[in-house]
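*Asks:* Chains A and W are the protein sequences, given in the same order.
Residue numbering for the first sequence follows my numbering, starting at 1 and increasing by one per position.
Residue numbering for the second sequence follows my numbering, starting at 427 and increasing by one per position.
Careful: at least some of the hints might be erroneous.
Claimed, not checked - Label pairs and their computed distance ranges (CB to CB):
1. W/Met-722 / A/Leu-115: 46 to 56 Å
2. A/Gln-387 / W/Ala-582: 19 to 29 Å
3. W/Leu-628 / A/Ala-24: 52 to 62 Å
4. A/Glu-21 / W/Arg-638: 43 to 53 Å
5. W/Arg-449 / A/Leu-114: 17 to 27 Å
6. W/Asn-497 / A/Arg-384: 17 to 27 Å
7. A/Asp-386 / W/Phe-485: 13 to 23 Å
8. W/Met-722 / A/Leu-114: 26 to 36 Å
9. W/Asn-497 / A/Pro-251: 28 to 38 Å
10. W/Leu-752 / A/Glu-419: 17 to 27 Å
11. A/Asp-79 / W/Leu-694: 28 to 38 Å
12. W/Arg-449 / A/Ser-209: 39 to 49 Å
13. A/Pro-237 / W/Trp-655: 51 to 61 Å
14. A/Arg-339 / W/Leu-752: 35 to 45 Å
Hint data in this document are derived by calculation from the structure and do not stem from the laboratory.
For clarity, every value in this text was computed on a predicted model and none was experimentally measured.
Ideal placement from N, C-alpha and C gives every residue a C-beta, glycine not left out.
Residue strings, one per chain:
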Amino acid sequence: MTKIAFVRKHAIPPAAPPITEVGAVGWLKQNLFSSWLNSILTILSLYFIVIMLWDFIPWAYGGHWNTKSLRECLDLDPDVACFSVLAARWKQLLFGLYPAEEYWRPTLTFIFLLLAIVPILFPKFFKFFWFSVIYPGLAIWLLWGGSFWSVSIVYIGLALGTLLFLVLIRSYIHNYVIAALLSFGFTALFFFIASDPIVKTLDTILPFSLPFVESLKMGGFTLSLIVGITGIVASFPIGILLALGRQSNLPVIKMICVGFIEFIRGVPLITLLFVASVLLNYFLPPGTNFDIVLRVVIMVTLFSAAYMAEVIRGGLAGLPLGQHEASASLGLTYWQSQRLIIMPQALKISIPGIVNTFIGLFKDTTLVSIISLRDPIGLASTIRADQKWNGIYWELYVAIGLMFFIFCYGMSQYSQYLERKLKTDK
Amino acid sequence: MSSAAPPSENFKLSMLLSDTRYRGMSLQVITFIIFMAVFFWLVDNTIKNLALLDKDVSFNFLWLRAGYDINQRLIPYTADSTHGMAAIVGILNTLLVAFVGCIIATVLGLFVGILRLSKNWIVAKLMAAYIEGFRNVPILLWIVMVFALLTEFTPAPKAFKGAEPEATMLFFESVAITNRGTYFPAPIFGEGSSFIFICFLLSIFVAIYFIRYAGQKKRDTGKSLPTVWISTAIIVLPTFILFFILGKPISLEYPYLKGFNFKEGLHLRNSFIALTLALAFYTSAFIAEIVRAGIMAVSKGQTEAAASLGLRPNRIMNLIILPQALRIIVPPLISNYLNLTKNSSLAIAVGYMDVRGTLGGITLNQTGRELESMLLLMGFYLCVSLLISSFINYFNRSFQIVVR
Chain A
1 MTKIAFVRKH AIPPAAPPIT EVGAVGWLKQ NLFSSWLNSI LTILSLYFIV
51 IMLWDFIPWA YGGHWNTKSL RECLDLDPDV ACFSVLAARW KQLLFGLYPA
101 EEYWRPTLTF IFLLLAIVPI LFPKFFKFFW FSVIYPGLAI WLLWGGSFWS
151 VSIVYIGLAL GTLLFLVLIR SYIHNYVIAA LLSFGFTALF FFIASDPIVK
201 TLDTILPFSL PFVESLKMGG FTLSLIVGIT GIVASFPIGI LLALGRQSNL
251 PVIKMICVGF IEFIRGVPLI TLLFVASVLL NYFLPPGTNF DIVLRVVIMV
301 TLFSAAYMAE VIRGGLAGLP LGQHEASASL GLTYWQSQRL IIMPQALKIS
351 IPGIVNTFIG LFKDTTLVSI ISLRDPIGLA STIRADQKWN GIYWELYVAI
401 GLMFFIFCYG MSQYSQYLER KLKTDK
Chain W
427 MSSAAPPSEN FKLSMLLSDT RYRGMSLQVI TFIIFMAVFF WLVDNTIKNL
477 ALLDKDVSFN FLWLRAGYDI NQRLIPYTAD STHGMAAIVG ILNTLLVAFV
527 GCIIATVLGL FVGILRLSKN WIVAKLMAAY IEGFRNVPIL LWIVMVFALL
577 TEFTPAPKAF KGAEPEATML FFESVAITNR GTYFPAPIFG EGSSFIFICF
627 LLSIFVAIYF IRYAGQKKRD TGKSLPTVWI STAIIVLPTF ILFFILGKPI
677 SLEYPYLKGF NFKEGLHLRN SFIALTLALA FYTSAFIAEI VRAGIMAVSK
727 GQTEAAASLG LRPNRIMNLI ILPQALRIIV PPLISNYLNL TKNSSLAIAV
777 GYMDVRGTLG GITLNQTGRE LESMLLLMGF YLCVSLLISS FINYFNRSFQ
827 IVVR
């Protein structure tokens, strides 16, 4: 018997995978041509992309930047973009009718804005939060101008009120409600009686002011950002309060909140803006006439606060009831449990919705053009009314659309980053 | 074991704020008083302001002659009609845009949302670009852009003239896209066309009955009938046969060029088309995301369980995933319909006469009745939104997962 046995001494080196399964070809096969249907879709998409870019790239790339008017552009080459309108009018698109020699003020406000949102967006820099607190006043002073002291007196008053509240709580009165009422009353008295003389004195001792710029001069992206950012900042806390009110078991408060939310969500923003521009004077004491930008900001804030409330309510409803019960059984008060247990979780769930509301609000700032404020879209028609640029559409629209896209897309990307970062389960 | 003595029941005034038994009540009373005070302050201001302007609150203007024309209307209306009539024309125009827009948005949104989940890389990315592009740019900009596209890049009617025209009509000389709007063939309803409509409605009812019957039979015996084919035949065939028996009572009237403009046919103005398309595109991006989220929310285990039962992929989609995904998709879908309806108030940007343009625009300016017009306008939008949200609530109640 001969023993025929084969024992392999060496492992066979692994063969290279077939060329159709790896590398670029494999990727193509798996992702683009896995079936005949997919192949058709791929070819159709490619065809579509090529058609789109075939016209767009030469149009955009060969665009004129240095002509004096649309006529000149068309004479040079009618088939390419005439970006000269942007070159000629970019200041207007950014700043509206803001006085040219004061352009540094909105610019500085914008730079400060970027600095002020860093501590809020990235917890690493939270120690600079004080700047974010100062920022609103600083921005108002920079944009509208006037005396530095008339803005800072607001901060002084609020600081004094807070100080009084803390002192009362620590030493004399241990009831939060009474302490809050007392310090609120003090702050109100301070504003009514003391603030004017103090501002006047400070103005005479240390005059420090910028030239006043009226609201109707604001425009362009400056206006969009003013309305958008103020709305975002103010609507968030109001939205939280409304959501809590809607979940509350106190019927009167619940009814007021439900009524407010449903009313605001039921009507288009444009009617509310119209109320702000036409009707608001009816509801205020005769002779009152306050700033149109402020009116718009208030309406936009109320509008998005209602949406915010619904988003946060969704987050609250998504929490298991056990969380409320557990926090109550630990002996936390209502506000303590909201602050420490409920809200952090509810807000985390509702981040996508909150950011979507912010994005919606920022996009909705364009509606102010319908009540004839000069936001970028309103300015586009103003620019077109100029004889030199009569008939120009795409260059302006593409530029405006791109600006909005960058802001909104940035916000949505940030929300995805935040979601990933706060994901504690799984 | 000693129990603590119950707290003494001597009522003190401070207990109103510090005792949880009373605090809620006193808070509500304070809120209510503040609320009423603000409310009466506003009403009082309004009364004073109206008195100063020598105005009263009256809705009589609705019965006065409007005196302005509305170029796109669904019901008979002339400048001699009343302001109330103008408002109704506007309401119908709003509803028309909303209805057509919702249909287009749903179809597009479903399509894009499903393709967004495609395993095909380039298709998925293209759809992502579509969604991000439309979602992140203001709707107002889209409306004016589509409008500019329609008015600037389409030929004038006179370009269709001559033996060798610069522009030609589409679809066998039936549709003309011009910078004054798009002209479609209009249906003309001759004698006997009402029978066809009745027949059509009846066959829809029969088809619904048949689908129910097929479902019942499937539950009872496990055998499934080719429901799609049979119900399509039930709907289409009798109507068609009747159409020919009655001698084609419905015919099409084609638009034709006369002078410098098209005559006859169905004329859709650019304002309407731009508004509807822009709203539909914009909303479809949101719907696509909702569809995607709904499909992704059905856990993978469901697909795997269905596959292990031996179902084929399209049946898994139809019987397992879609029914569960729809429960998640429908409520936000409907609230997006509501958003589209509210966004249609931007019609003013392209000069389409919706209710905001008639009642809240020209009527308001002509009569000077800001308060009344705005009240009616808001009332209309509130009614629509309350109707829709009560429908959402109804849907949620009837399709909730029954937890045992």
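*Asks:* Work down the list of hints and note, for each, if the structure agrees.
*Replies:* Outcome of the hint check:
| no. | hint | in the structure |
| --- | --- | --- |
| 1 | W/Met-722 / A/Leu-115: 46 to 56 Å | 38 Å, violated |
| 2 | A/Gln-387 / W/Ala-582: 19 to 29 Å | 22 Å, holds |
| 3 | W/Leu-628 / A/Ala-24: 52 to 62 Å | 60 Å, holds |
| 4 | A/Glu-21 / W/Arg-638: 43 to 53 Å | 50 Å, holds |
| 5 | W/Arg-449 / A/Leu-114: 17 to 27 Å | 44 Å, violated |
| 6 | W/Asn-497 / A/Arg-384: 17 to 27 Å | 23 Å, holds |
| 7 | A/Asp-386 / W/Phe-485: 13 to 23 Å | 43 Å, violated |
| 8 | W/Met-722 / A/Leu-114: 26 to 36 Å | 35 Å, holds |
| 9 | W/Asn-497 / A/Pro-251: 28 to 38 Å | 50 Å, violated |
| 10 | W/Leu-752 / A/Glu-419: 17 to 27 Å | 25 Å, holds |
| 11 | A/Asp-79 / W/Leu-694: 28 to 38 Å | 30 Å, holds |
| 12 | W/Arg-449 / A/Ser-209: 39 to 49 Å | 47 Å, holds |
| 13 | A/Pro-237 / W/Trp-655: 51 to 61 Å | 59 Å, holds |
| 14 | A/Arg-339 / W/Leu-752: 35 to 45 Å | 38 Å, holds |
Of the numbered hints listed earlier, those contradicted by the structure are 1, 5, 7, 9.
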